[in-house]
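Undergrad: In the order they appear, the protein sequences are chains H and R.
Mapped onto UniProt numbering, the consecutive letters of the first sequence carry residue numbers 1 to 360.
Mapped onto UniProt numbering, the consecutive letters of the second sequence carry residue numbers 1 to 388.
No wet-lab data here; the hints were simulated from the structure.
Please read all numbers here as calculations on a predicted model, not as lab measurements.
Be aware that one or more of the hints could be misleading.
Claimed, not checked - Keeping only pairs whose Cα atoms sit at most 30 Å apart, straight-line, the calculated DSSO-like set for lysine-lysine is:
#, chain 1, residue 1, chain 2, residue 2
1, H, 337, R, 83
2, R, 83, H, 356
3, R, 311, H, 337
4, R, 385, H, 348
5, H, 228, H, 69
6, R, 83, H, 348
7, H, 337, R, 37
8, R, 140, H, 348
9, R, 81, H, 69
10, H, 220, H, 81
11, R, 385, H, 355
Claimed, not checked - Sample of chain H residues with no beta-carbon within 12 Å of chain R, all distances over it, derived:
#, residue
12, 237
13, 320
14, 348
The beta carbon of each residue, even a glycine, is placed where N, CA and C say it ideally should be.
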Amino acid sequence: MASSLRCFLRTGKNAVSALQRREFHRTLPVAVQVTVRDALNQAMDEELERDERVFLLGEEVAQYDGAYKVSRGLWKKYGDKRIIDTPITEMGFAGIAVGAAMAGLRPICEFMTFNFSMQAIDQVINSAAKTYYMSAGQQSVPIVFRGPNGASAGVAAQHSQCFAAWYGHCPGLKVVSPWSAEDAKGLLKSAIRDDNPVVFLENELMYGVPFEMSEESQSKDFTIPIGKAKVERQGNHITLVTHSRYVSHCLDAAAVLAKEGIECEVINLRTIRPLDVESIETSVMKTNHLVTVEGGWPQYGVGAEICARIMEGPAFNYLDAPVTRVTGVDIPMPYAKILEDNSVPQIKDVIFSVKKTLNV
Amino acid sequence: MLRCPCQVRHCARVLGARVVVSRSFADFTPQASFDIKKCDVHRLEEGPPLKAELTREQGLQYYRIMQTVRRMELKADQLYKQKIIRGFCHLYDGQEACAAGIEAAINPSDHLITAYRAHGYTYTRGVSVKEILAELTGRKGGVAKGKGGSMHMYAPRFYGGNGIVGAQVPLGAGIALACQYQGNDQVCVTLYGDGAANQGQLFESFNMAALWKLPCIFICENNQYGMGTSMERASASTDYYKRGDFVPGIRVDGMDVLCVREATKFAADHCRSGKGPIIMELQTYRYHGHSMSDPGVSYRTREEIQEVRSKSDPISMLKERMLSNNMASIEEFKEIDVAIRKEVEDAAQFATSDPEPPLEELCNHIFHNNPPLEVRGTNPWVTLKSVS
Chain H
1 MASSLRCFLR TGKNAVSALQ RREFHRTLPV AVQVTVRDAL NQAMDEELER
51 DERVFLLGEE VAQYDGAYKV SRGLWKKYGD KRIIDTPITE MGFAGIAVGA
101 AMAGLRPICE FMTFNFSMQA IDQVINSAAK TYYMSAGQQS VPIVFRGPNG
151 ASAGVAAQHS QCFAAWYGHC PGLKVVSPWS AEDAKGLLKS AIRDDNPVVF
201 LENELMYGVP FEMSEESQSK DFTIPIGKAK VERQGNHITL VTHSRYVSHC
251 LDAAAVLAKE GIECEVINLR TIRPLDVESI ETSVMKTNHL VTVEGGWPQY
301 GVGAEICARI MEGPAFNYLD APVTRVTGVD IPMPYAKILE DNSVPQIKDV
351 IFSVKKTLNV
Chain R
1 MLRCPCQVRH CARVLGARVV VSRSFADFTP QASFDIKKCD VHRLEEGPPL
51 KAELTREQGL QYYRIMQTVR RMELKADQLY KQKIIRGFCH LYDGQEACAA
101 GIEAAINPSD HLITAYRAHG YTYTRGVSVK EILAELTGRK GGVAKGKGGS
151 MHMYAPRFYG GNGIVGAQVP LGAGIALACQ YQGNDQVCVT LYGDGAANQG
201 QLFESFNMAA LWKLPCIFIC ENNQYGMGTS MERASASTDY YKRGDFVPGI
251 RVDGMDVLCV REATKFAADH CRSGKGPIIM ELQTYRYHGH SMSDPGVSYR
301 TREEIQEVRS KSDPISMLKE RMLSNNMASI EEFKEIDVAI RKEVEDAAQF
351 ATSDPEPPLE ELCNHIFHNN PPLEVRGTNP WVTLKSVS
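Could you build the full structure based on these sequences and the hints that come with them?
TA: Dropping the structure here:
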């Protein structure tokens with residue numbers, strides 16, 4: 001387990017390998033360092049064990065241990081019936097997964113990246129999302145579509161798109177975007193247990209990042225509710241709302257800004273749809289300033305939706321400045337490193353936007 | 001009596017004189033006929049010929065092309081491991097006979113489209129090693145100015161370089177439609193792999209191409225593995241040349257450049273005569289894993305890779321054929337190798353020293369033939385410029 005070893009080495013003397021078995025009694029609660037990848041793996045492992053209707057299908061998920069090793073070890077443990085390698089035919093296997101969900105199973109359908117989900121998007125929207133409504137409640141579709149979303153590193157235009165806004169647009173879908181290992185584990189377990197179609201947007205660059213996981217989160221019944229944002233950092237001067245990898249950017253920006261006396265409140269959305277507007281409003285009514293941060297393109301995006309919702313609700317009257325959206329640049333993703341780096345929000349962009357919004 | 005070159009050089013040494021060995025080309029066989037493997041056919045009365053003619057010049061040219069692609073890919077491997085190339089990199093070594101054989105059989109005015117394992121075709125379609133490597137390293141001298149990367153290289157009559165598995169096949173059928181529409185007697189070579197062979201959009205393309213008799217040569221480069229999945233685990237039928245059902249097909253030894261050339265000629269004639277599309281399955285092999293992040297040995301054995309290398313390497317096979325028929329000398333091949341090595345080295349040198357594209361390039365090329373427009377940056381205070 002090279003990645004666990006790496007996280008052990010990286011995190012220093014207090015780190016405990018995620019592989020350590022918790023078979024002996026500990027007198028004090030112990031937090032462990034777990035990578036997002038391992039957290040997702042644990043979530044699927046636990047849910048596969050808990051409910052035999054749950055199964056995983058997708059490209060390279062079984063014998064290859066997963067294109068990004070997220071499903072490592074699962075095929076060995078659960079076999080061909082529960083972990084299924086598919087041909088490279090997204091429209092087909094997504095449709096097959098939806099059909100299986102309609103007939104009583106609880107599939108986890110992996111897209112190697114969400115870019116490839118475009119080949120299958122008709123099945124996700126028209127067959128999965130809308131069916132419960134069209135059938136007036138007779139036919140539910142308890143399915144999870146998961147995989148990495150958004151920009152990676154050097155994978156160029158066709159492999160770097162963020163689909164949060166696309167899926168977030170559709171009624172009938174729940175759309176989740178975890179950041180930390182706890183988010184990943186708790187939200188994936190909730191998604192699998194949810195009786196509705198859930199689009200679960202992971203992030204490839206976060207897979208190897210270790211996070212401390214509380215003892216509570218190590219329980220097999222640990223879930224995080226879908227539709228509830230989390231305040232990752234308290235602050236009084238300005239609210240930063242973000243999701244996925246950009247939570248890290250915002251926390252880093254907040255640390256820098258704190259040195260200048262600007263205290264940011266950082267909200268990790270955790271769920272794109274349904275959007276937890278109340279958490280954002282509560283924060284804005286305290287701080288009077290709002291910056292949204294996302295990797296996706298600006299037009300018709302997550303930040304645009306937040307702006308509209310704030311404007312439509314009570315928090316509007318508490319704003320001392322217009323909301324600022326920090327987004328990806330409105331272009332297809334270029335390949336060259338210097339261009340790619342300038343196509344997505346950097347920490348300095350967040351800092352700059354905060355200061356401009358605060359007019360300092 | 002004609003002396004062979006080695007005899008001439010020996011004489012020169014003995015005489016103690018520095019003699020420029022003038023190789024008499026009459027020493028070499030100028031042309032030979034080679035037996036090539038018979039192609040299995042589907043819905044065809046007959047297949048490509050069983051013999052291929054090869055001239056000395058052609059042989060050396062095919063050798064040069066294949067060896068250049070081979071060395072270029074190995075250089076890309078090296079640069080990737082040095083982290084000078086990043087992102088995706090899908091290497092073509094082992095499959096050179098396919099690209100070289102196809103190009104030898106079509107005209108420069110014909111069209112070609114493939115998927116992401118595209119560096120070989122980018123070269124055979126006319127892009128220099130220098131521009132390919134510089135694109136891989138993301139520099140402004142790259143064929144796509146560094147904006148496209150490994151999977152998105154283009155040239156006239158070469159439509160990439162496509163990242164989404166299978167998507168290039170309807171595109172290829174569409175290019176063929178344009179050829180037919182314009183009445184220019186051109187064909188489109190549309191390539192895909194054994195992994196893509198199960199994609200629904202292929203069958204949609206086969207149907208329309210057959211209905212409308214589009215001049216499209218669909219070519220399945222079957223290298224036996226779709227990423228980490230062997231063909232038996234992905235396809236209910238691995239007779240990829242038959243998968244077009246009503247579309248005729250031939251199965252070809254993709255490791256033999258002559259076999260590929262003859263089959264492609266046959267296929268091009270079929271299309272140009274208005275008979276509609278045809279499918280070619282090239283049985284080939286990739287030495288590298290699926291991409292640079294796949295070691296390529298978790299789903300196949302090192303012995304298997306080694307066996308193909310020693311028994312079926314396309315470059316070795318051509319070289320041995322020519323040597324055993326006295327069509328060229330070992331020294332000639334060595335000279336070609338040295339020249340190619342230098343070309344690739346120089347290209348790599350350029351690719352590592354050329355600057356990255358300037359930031360002014362960031363937003364250009366959104367629209368064609370459009371007045372300049374403004375593009376939103378990462379925040380509302382940054383407005384960038386985009387020109388066509």
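Undergrad: Next, verify each hint and record whether it holds.
TA: Hints and how they fare:
no.: 1; hint: H:337 - R:83; in the structure: 12 Å, holds
no.: 2; hint: R:83 - H:356; in the structure: 37 Å, violated
no.: 3; hint: R:311 - H:337; in the structure: 41 Å, violated
no.: 4; hint: R:385 - H:348; in the structure: 21 Å, holds
no.: 5; hint: H:228 - H:69; in the structure: 28 Å, holds
no.: 6; hint: R:83 - H:348; in the structure: 25 Å, holds
no.: 7; hint: H:337 - R:37; in the structure: 46 Å, violated
no.: 8; hint: R:140 - H:348; in the structure: 26 Å, holds
no.: 9; hint: R:81 - H:69; in the structure: 21 Å, holds
no.: 10; hint: H:220 - H:81; in the structure: 23 Å, holds
no.: 11; hint: R:385 - H:355; in the structure: 24 Å, holds
no.: 12; hint: 237; in the structure: 18 Å, holds
no.: 13; hint: 320; in the structure: 16 Å, holds
no.: 14; hint: 348; in the structure: 9 Å, violated
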